[in-house]
Amino acid sequence: MTALLHVDNISKRFGGFVALDGIDLEVQPGERLGLIGPNGSGKSTLVNCICGTLQNENGSVQFEGQPLDGLAAHQRTHRGLARSFQLPRPFHSMNLVDNLRVPLLYTVHSRLGPLRSAGDLDSRCLELLEMVGLAAKAKQMPRDLTQVEMRKLELARAVGAEPKLLIADESMAGLSHSEIDDILKLLMRLNERGITIIMIEHIMSAVMSFSQRLAVLVSGKKVADGKPEDVVRDPEVVRAYLGQ
Amino acid sequence: MIVVNTGKFSLITIAVGAVVMAFSHWVNVDYLYFASYTILQFIVLATAWNILGGYCGYVNFGSAAFFAMGAYSSVFMHKFFPVPIPVLIVIGALVSGIAGLGMGYLTLRLRGSFFAIATLALAVVLQTLVVNWDFVGGSRGAYIIRPETLELPGGIEINYIEYLFFLMLSLAVFAIITARTIERSQLGFGFATIRDDEMAAEASGVPTLRVKLIATTISGAFMGMAGAPFPYYIGYLQPSSAFGLEYAVNSIAMPMIGGTTSWIGPLVGAILLGSAQQYATVTISSAVNLLIVGLMLVGFVIIAPNGIVGLVQERLRKWRQP
Ligand SMILES: Nc1ncnc2c1ncn2[C@@H]1O[C@H](COP(=O)(O)OP(=O)(O)OP(=O)(O)O)[C@@H](O)[C@H]1O
Ligand SMILES: [Mg+2]
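Which chain is which? The protein sequence lines are A and B, in order.
Sequential numbering of the first sequence, starting at 266, is according to this note's numbering.
Sequential numbering of the second sequence, starting at 2, is according to this note's numbering.
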């Protein structure tokens, strides 16, 4: 079985600062991977390099056996990669329904051809909002949302692109216990439908219950990768977290 | 909200254009044709500017350059191989549309104020080229004798200024229909995502560079169309009039004052500012025009940052849900 995502020796610098230092990572189709690490360890930067938001200097990314290097972010989204932003980036001038219309129009639509009628589009947008519990606010603007609701919108927009690989970058920060359970159930459902998921999270209980495998970044290096129970006992991981 | 589909909207807009034409023909005063031509020209320019500046959020200071390219394409054709004005309009659209595409390629990687400065630089470079190009009149300018009448097949003669007025009215109708069609389309959503957040747009699958290039091309093309009949209107075209500051300033100020998020804004702004300037030209002097525009712009930025349309929408919302 070939890996769905194959990250090979990726490095990224910001000026003189090395944010990612030779990261290797494989994700199998259908897998649920947890990606953890202290603040500033490079998790979001890795996501940005995988999704084309940032260009890595070294190394390469392969998706379904095809190299993604040099492809713009939108092309990667069309191939089936979608991510939520850690700091939500909603389209401010559009209501929630229209926010979700964008990935449908530009990614799903272009993949399937003009299959969807205007009515189909509308109901699909509402379905996505319902999925994250925002249906009641369909016609409201992003500025009317709380930070937590914006996270949900962010996740719904990524799911809206109907990805093969979904990367959720801290979708649960600030959520209540029951909301975390809702999002976990949602991610599990998506995973059951065949979507591979990388979850980046600081809430350990959520990561542990979700992940089949855990990878740990510390200061731009991957220090552990394996079964969650083993990884959290790894001395190097423990040191990184305690030293924080 | 009353929802009107694109087909219906086009028919209504064309009908309004026809009524304006019929009314003008009935009044039939040359001065009114002259004055209204200018306002219509500003409707086209403001609508064109808004496609890039309002919908996508990229401020173009070089509107005069695109307008002048349309005007000078006509001067060139007039000397080289005269063709009817509707053909000149198509040529102006092609020249300025391609220039818009080229400018997009060169400058769209620049964000915010850098993009605006680059467009200003483009205008300066082009004006320098035209000043030194003798074939189109160089710095002296070019005379284009406007005929008194236009002879149509079948021996019908129409007043030439009425003909120019009719052409600009048609362009205004065309521009408004195009703008509104874009607003409701996939492309319109793409434009709005660029105005809001390009990174999120890319992540959602919007090919931002391509979408922006479409915007600069359409915007440039309409400015070129607005400029193409201009030499016939003015009769004597100088670089300083074609590249006039008033075009750059007005095509920004009109959408800003009217409101940049929909097709109505540039229309309202152009009618309001255009009429105010015509009035000032007659009653005071044309020199105060830019002063009026400047003052109104400052006033609106303070009182109604979302333009007149934004102000009205706000009021309506408050009125509906007290
Ligand atoms: N655009 C940028 N320019 C300069 N430095 C950056 C940039 N983006 C990230 N960094 C730096 O790179 C490092 C890694 O950041 P990153 O956001 O990837 O961390 P993270 O693991 O996602 O942290 P967190 O858990 O807080 O989200 C940090 O030190 C950050 O300051
Ligand atoms: Mg992060």
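These are computed hints drawn from the structure, not numbers from a lab.
The reader is advised that the hints may include incorrect statements.
Quick partial rundown of chain B residues pointing at chain A, CB under 10 Å, derived from the structure [to be verified]:
| hint | residue |
| --- | --- |
| 1 | Thr14 |
| 2 | Gly18 |
| 3 | Phe190 |
| 4 | Asp197 |
| 5 | Gln314 |
| 6 | Glu315 |
| 7 | Leu317 |
| 8 | Arg321 |
Pairs of lysine-lysine residues, derived as DSS-like cross-links and limited to a Cα-Cα distance of at most 27 Å, are as follows [claimed, not checked]:
| hint | chain 1 | residue 1 | chain 2 | residue 2 |
| --- | --- | --- | --- | --- |
| 9 | A | Lys486 | A | Lys450 |
| 10 | A | Lys429 | A | Lys450 |
| 11 | A | Lys486 | A | Lys429 |
| 12 | A | Lys402 | B | Lys9 |
| 13 | A | Lys404 | B | Lys80 |
| 14 | A | Lys486 | B | Lys9 |
| 15 | A | Lys492 | A | Lys450 |
| 16 | A | Lys486 | A | Lys404 |
| 17 | A | Lys402 | A | Lys450 |
Among chain A residues calculated to face chain B with C-beta under 10 Å, some are [unchecked claim]:
| hint | residue |
| --- | --- |
| 18 | Arg278 |
| 19 | Phe279 |
| 20 | Phe282 |
| 21 | Val283 |
| 22 | Gly317 |
| 23 | Gln320 |
| 24 | Asn323 |
| 25 | Thr342 |
| 26 | His374 |
Ideal placement from N, C-alpha and C gives every residue a C-beta, glycine not left out.
Structure-based check of each hint:
no., hint, result
1, Thr14, "22 Å, violated"
2, Gly18, "28 Å, violated"
3, Phe190, "6 Å, holds"
4, Asp197, "4 Å, holds"
5, Gln314, "12 Å, violated"
6, Glu315, "13 Å, violated"
7, Leu317, "15 Å, violated"
8, Arg321, "13 Å, violated"
9, A:Lys486 / A:Lys450, "31 Å, violated"
10, A:Lys429 / A:Lys450, "18 Å, holds"
11, A:Lys486 / A:Lys429, "26 Å, holds"
12, A:Lys402 / B:Lys9, "31 Å, violated"
13, A:Lys404 / B:Lys80, "57 Å, violated"
14, A:Lys486 / B:Lys9, "60 Å, violated"
15, A:Lys492 / A:Lys450, "21 Å, holds"
16, A:Lys486 / A:Lys404, "43 Å, violated"
17, A:Lys402 / A:Lys450, "21 Å, holds"
18, Arg278, "20 Å, violated"
19, Phe279, "16 Å, violated"
20, Phe282, "21 Å, violated"
21, Val283, "23 Å, violated"
22, Gly317, "7 Å, holds"
23, Gln320, "12 Å, violated"
24, Asn323, "22 Å, violated"
25, Thr342, "4 Å, holds"
26, His374, "7 Å, holds"
This entry does not satisfy hints 1, 2, 5, 6, 7, 8, 9, 12, 13, 14, 16, 18, 19, 20, 21, 23, 24, going by the numbered hints stated previously.
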